[in-house]
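One line per chain: the protein sequences are A and B, in this order.
Letter by letter, the first sequence follows residues 28 to 429 in our numbering.
Letter by letter, the second sequence follows residues 2 to 343 in our numbering.
I should point out that these hints are in silico values taken from the structure, not numbers from a laboratory.
A hint or two may mislead.
[As the list claims (entries may be wrong)] With a cut-off of at most 25 Å between alpha-carbon atoms, the simulated BS3-like pairs for lysine-lysine come out as follows: (1) A:K52 x B:K203; (2) A:K52 x B:K110; (3) A:K274 x A:K36; (4) B:K178 x B:K18; (5) A:K191 x B:K108; (6) A:K420 x A:K323; (7) A:K52 x B:K108; (8) B:K297 x B:K315; (9) B:K110 x A:K191; (10) A:K274 x A:K320; (11) B:K18 x B:K189; (12) A:K229 x B:K180; (13) A:K348 x A:K417; (14) B:K106 x A:K229; (15) B:K315 x B:K333; (16) B:K189 x B:K315; (17) B:K297 x B:K178; (18) B:K315 x A:K229; (19) B:K203 x A:K191.
[Claimed, not checked] Restraint ranges, calculated between C-beta atoms of paired labels, are given here: (20) B:S74 x A:G393: 45 to 53 Å; (21) A:R382 x B:K108: 50 to 58 Å; (22) B:Q12 x A:D163: 53 to 61 Å.
All residues carry an ideal CB built from backbone N, CA and C; glycine is no exception.
These are the residues of each chain, in order.
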Amino acid sequence: MPTATAAKKKTVRINGCVASAQAAKYADVDVIAAYPIRPYTATMMALAQMVANGELDAEYIVADSEHSQLSIAHGASSSGARVFTGSSGVGVQFAYELYSPISGSRMPVQMMIADRTLDPPGDFGSEHTDALSTRDMGWLMGWACDAQEAFDNHLIAYRIGEDKRVLLPQMVCQDGFFVSHITTDVELPDSGQVREFLPPYKHPYPLDPRHPVSHGPQIMPEQGPPLQLERARAMEDSMAVIEEVHKEFGEIFGRHYDPWLEEYKTDDAEVVFFLQGGHGVTARFAIQHMREKGLKVGMVRLRTIRPYPTDRVCEVLSKFKVVGVIETNMALGSPASGGALYADACAALYEAPERPLVISFMAGMGGEAIVLKEFYWMTEKMIQAQKRGKIEKRTHWVGFEE
Amino acid sequence: MATYIQIDPTQKLEPFKSVKKLPLEEYFTSGHRTCQGCESALVMKMMAKAAGPRSIILGSTGCMYVANTTYYSTSWVVPWMHTQLGSSGSAALGTSAALKVLMRKGKIKNEPINVIAFCGDGGGADMGVGAISATLTHAEYNSLILMYDNESYANTDIQLSGSTPWGANTTFSSPGKMKRIMHRRWKKNMAGMMAAGHPECKYVATICMSYGLHGMNSIRKALAIGGPTFIHSLDPCPKGWDYDPYLSHEMGELAVNSGVWPLYEVENGVLRLTGRTEQIAAGKIRRVPVRDYLLKQGRFAHFTNDDIDYFQSKVDDMWEKWLIPGVIPFRKDVEADPPPAN
Ligand SMILES: Cc1ncc(C[n+]2csc(CCOP(=O)(O)OP(=O)(O)O)c2C)c(N)n1
Ligand code: SF4
Ligand SMILES: [Mg+2]
C-alpha cells in the first residue's frame, strides 16, 4: 500500500492547458502527436517548449491532420509507448475514425480535450459537443472544472487506462477558455510521488518481433459478439479500478476526489443542478448566494461520464425533488430535443423508487458564460416545478424565455 | 557542418543475388484467402521475405487486410497491425517514433527493426496521400510505405480509384448505352509525386513482382537506406482486371514492356530507370503496343480502336514528351493536348 510521502511539491500559477502539459511531462510520456486547433493548442505549445528545453524526453510529432495524430498515437501505443495527444472542436471529429479502433485494440492512448463549439458557426467558445459526440467509442471520459483538477485527472486517467484490468484509452476533458485559459494556482507534485503512483507503461502485447502478434484482424460476424463483449466488460470492470485509483491518488497527493460526482451543498437540497466541467465553479458561487436567501439548492457535478456511474447517479439524484441538467452541449433531436446529459440522467433514474422531476437547460451554448442571474433563473424554474409537482416543459433555452 | 537529422541505424540488407539464393524462410505464410493469381498477395510474401524476421508490418484496410488477416488464421509471422484506410503513413510514423524513443530511454532493446506500412491504391493514392506525404518529410524516422496498386478499390468490389487507368470498367464506371467511357481521369503518378515532392526521402521506386528479384531488392534497399521511403508496386488483379488468373505474371510483364508501367528508382536523389524499362529507354528493346496489354483484360473489353489509340498516344507522350520518360510529367515543349477521341 503506497503511503503519502513528504513531497517537494510547489505551487505555480498556470492555466488549464499548461496544467495538462505539465501532467504529460510528469507522466514522462514517450510520444506526443500534435496538430493545431484552438484552444487546446496551448498544451502542445507548452510541450514543444519542454521537449526543446530537455525537460521531457519524448518524440514530438507534428501531424498533418487530427486523423493522422490519432493514427500516429495508435501505431505508437501499439508499439509500447505512452502516448499523449489532444484536440478541440472539429479537430476531435476529424479524428473520429480512430476512436473505435484504438479502444478496440485496447491501447491506452491519452487525449486531452479543451472543448470548442463545432462549426458552424466558426466559434472558439466551449461547448462539450465535440468530445461528447465520441462518448460511446470505448474511451474513458470525464471533465475537470479547474486547472488543478485537469492536472490530476491526466495522471489518474493514465493510471486507470494502463491498468491491465482496463487497457482503454482516455479522453481527459476541460472546458475551452473557462478552464484551458484561466490562470489559477496549481500544485505540482514531487516527481517521486508521480513515479510511485504511475509506474512506466508496459503493454502486454506490443508489436515486438520477438513475440509476434497480429493486431486488429478481420473477423467473421459470429466472432463479433465475444470481442464486443470483452470491450464492454473492460469498460464495466474499469469502475472498480477507477475507485481504487482515485483513493490511492488521494492518499499519495492529498487531494481526494469522488471519482464520479462532486456534491455541493446537497445535504438538505431539494433542487439541484446536474452538470459537468467549468461551469460548476460558477454554480458554486450562485448556490452560495441563493443559500443566503434560504433557497435549498445544490449541485451535483459529474466528473466521469464514461463509464457512466448509473447506480450512483440514480442513488444521488433520486434524493432531490427537481434536477436541472445544464447541458452545454447540443444533441439535436434527442429525447429532450436539447442536450445529451438529460438522456443519460433519465435512464439512470428510471430504476429509482422515487424519481425527481428532470429539466434540461440549454445554457452556455457557443461557449457563452453562464452568468449568476441565469443560475438564479434556472433555480426559479426548478422551484416552480417543485411547487407545481410537474415540469413546465422538458427543455428550456436559457436567455430566450421569461 | 552540424548533423541535424539523426537517422537510427538500419539492418544491413544486401541485395539477393539470385532466385536460387533466396532464404527459404517465409514470413507471410498460409492462412490467407486472396483470389487465385492475386499478385498483391505475392507482393506481401516477397516483401516479408525481403524484410526478414526483425520487422513490424502495418497494413491498411483493403484486400491485403481483409483477405490476409482472418482472426485466428493470420498469415503474418512477423508482428502485424491493421491501420485505418488512410492511416498507413501516420501509423508507420507513430510506430517508428515509438521504437526510437523506447530504445533511447532503454525501455526496449536497442536494435534496428524494419517498419513497413503497406496500403492499396485507394488507401494510399487517394485517402492516405496526405499522411504518406507527411511521413516522407519526417527524415529521422525509418519506415517504408509500400503501396500495392491493383488499380481499384478491389476489396469493396472493384471501384475506380485515382490510380485506375483511363477508361477501365469498374463497378463505379461500367460502360452504358449513353456513355462508353465513364472513367475519364488519367492515372495518378504517385511514385513521381512522392519523389518530386519530398527532398528528404532517400528512396522511391516502382516495382512489379513479375520481376521478383528486382522487387525484393528494391524493398531491401528502401529499408537499408534509412529514413522514410516509398515503393509503388503495380499488381495485376485477376478479379478487378478481369483475366484468367494464370496470366497474372504475364500481365505484369506486359504492363512493363508496353511502357505503361515504367520501372525506376530514385536513390538519394539520383534517378535510374531499371529493369526492362531501362532497356526500352536505351533502345535495346521496343515497347509492345498497349493494345496487347489492354485487350487481354476484360476491364478494357469495351474499348474501341479510338480508345486504344488514345491510350497509346498518352503512353507515347509519357515516353516521348516528358522530360524524364515515365517519371515526371514536365514536358520538353509547350503544346496543346489533342482532345480525347469519343
Ligand atoms: C474510412 C473508410 N472508408 C471506406 C472503407 C471501405 N473500404 C474497405 S477496403 C476498401 C478498398 C480499399 O482499396 P485499396 O486501398 O485500393 O485496397 P484494395 O482493396 O484494392 O486491396 C474500402 C474503400 C473503409 N474501410 N474505411
Ligand atoms: S480482388 Fe484482386 S487484389 Fe483482391 S484478393 Fe482478388 S486478386 Fe487480390
Ligand atoms: Mg486497390
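Each hint, compared with the structure:
For a cut-off of 25 Å, the pair hint linking A:K52 to B:K203 is broken: about 34 Å separates their Cα positions. A distance of roughly 24 Å separates the Cα atoms of A:K52 and B:K110; the hinted pair therefore holds under the 25 Å criterion. Distance check on the hinted pair: A:K274 and A:K36 sit about 20 Å apart at the alpha-carbon level, within 25 Å; holds. Of the pairs offered as hints, the one joining B:K178 and B:K18 is violated, with about 53 Å between alpha carbons and a cut-off of 25 Å exceeded.
Between A:K191 and B:K108, the direct Cα distance comes to roughly 18 Å. Compliance with the 25 Å bound is thereby established for this hinted pair. For the hint pairing A:K420 with A:K323, the CA-to-CA distance comes to about 22 Å; that is within 25 Å, so the pair holds. For the suggested pair A:K52 and B:K108, the alpha carbons sit about 17 Å apart, so the restraint of at most 25 Å is met. About 19 Å separates the Cα atoms of B:K297 and B:K315, which keeps this hinted pair within 25 Å; it holds.
With a CA separation close to 23 Å, the supplied pair B:K110 and A:K191 stays within the 25 Å bound. This hinted pair does not check out: A:K274 and A:K320 have alpha carbons roughly 36 Å apart, beyond 25 Å. About 33 Å separates the Cα atoms of B:K18 and B:K189, which puts this hinted pair outside 25 Å; it is violated. Among the hinted pairs, A:K229 with B:K180 is inconsistent with the structure: their alpha-carbon atoms are about 58 Å apart, more than 25 Å.
Distance restraint check for A:K348 and A:K417: the Cα-Cα separation of roughly 10 Å lies within the 25 Å cut-off, and the hinted pair is therefore satisfied. For a cut-off of 25 Å, the pair hint linking B:K106 to A:K229 stands: about 13 Å separates their Cα positions. About 15 Å separates the Cα atoms of B:K315 and B:K333, which keeps this hinted pair within 25 Å; it holds. A hinted pair counts as satisfied when its Cα atoms are at most 25 Å apart, and B:K189 with B:K315 qualifies at roughly 13 Å.
Taking the CA atoms of B:K297 and B:K178, the gap is about 23 Å. The hint holds against a cut of 25 Å. The hinted pair formed by B:K315 and A:K229 fails the criterion: a straight-line CA distance of about 55 Å is larger than 25 Å. With a CA separation close to 41 Å, the supplied pair B:K203 and A:K191 exceeds the 25 Å bound. Checked against the given bound of 45 to 53 Å, the beta carbons of B:S74 and A:G393, roughly 52 Å apart, stay inside it.
Here the CB-CB span from A:R382 to B:K108 is close to 52 Å, well matched to the stated 50 to 58 Å. Restraint check, B:Q12 to A:D163: a C-beta distance of roughly 43 Å breaks the suggested window 53 to 61 Å.
When held up to the earlier numbered hints, the structure conflicts with 1, 4, 10, 11, 12, 18, 19 and 22 and fits the remainder.
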